[in-house]
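Participant: Residue numbering for the sequence shown follows the working numbering, beginning at 8 and increasing consecutively.
I should point out that these hints are in silico values taken from the structure, not numbers from a laboratory.
Positions of the beta carbon are idealized from the N, C-alpha and C atoms, including for glycine.
Keep in mind that a hint or two might mislead.
[Said to hold, decoys possible] Now the in silico label distances, taken between C-beta atoms and shown as ranges:
1) D180 - V36: 21 to 29 Å
2) R140 - N257: 35 to 43 Å
3) R234 - L179: 33 to 41 Å
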Amino acid sequence: MAAMTRELKPVLVFDSGIGGLTVLREARVLMPERGFIYVADDAGFPYGGWEEEPLKARILDLFSDLLGTYDPEAVIIACNTAFTLAGADLRARFPEMRFIGTVPAIKPAAERTRSGLVSVLATPGTVKRAYTRDLIQSFAGQCHVRLVGSQNLAGMAEAYIRGESIADDLVLDEIMPCFVEMDGRRTDIVVLACTHYPFLANIFRRLAPWPVDWLDPAEAIARQARRLVPPAFDAEHPEQHDFAVFTSGNPDFSTRRLMQGFGLRTC
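Please build the complete structure, drawing on both the sequences and the hints.
Facilitator: What follows is the structure, given as structure tokens:
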């Protein structure tokens, strides 16, 4: 008689919109035995313009429902704004759950820079967060770090990945503050501190006034998830775990088609 395979719990990936798909893509490579549930809080998108306390309350309330409904093995918070704001509260309220967070990749940027000029391209919420400034103080004290909070790039990325065109000049307006010249030195690393932004990385490279390293944290987040969720290759995940949930309950056709491209059915 063939040995029975045990059923694995899914990993839940949470983001304000579809930016977390950049993390999901990397996590699937490293965690092939796991199923994934992707949750987009599109009803609350974009997070960058929210006041802190209402947004934190929203995220905590959402997770009270999500964890009870889906019982995941672990949760990847694929959103800098959400995790820097609510990560500590989530871990305190749900101590039995593994939370893998997303924070601006300031430490690796400080380790890699040669010029000492680093920019962090983020949402306004992430830029103003004390968590971000603590990272700079702890890991990048010897660098000049410019924080650039974009009101519009996350929305542009959502439109672009759905197949809409975006004007070069509008993108350039958002990224130009990242490029600093000082004492004969130039910015050489830009941290992409929003998971939406890697979808636009090729446009950023084309429009940049000089070459820089655009630091995408998605692979590092996936590696951390792999470390916290041990492999279980003697088990299998049910196919029904691979789906996407939108808090609006009404994703449009292009979004549904995008989810299909990532192997997710839409609930």
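Participant: Would you list, in rising numerical order, the hints stated earlier that this structure does not obey?
Facilitator: As far as the earlier hints go, only 1 is violated by this structure.
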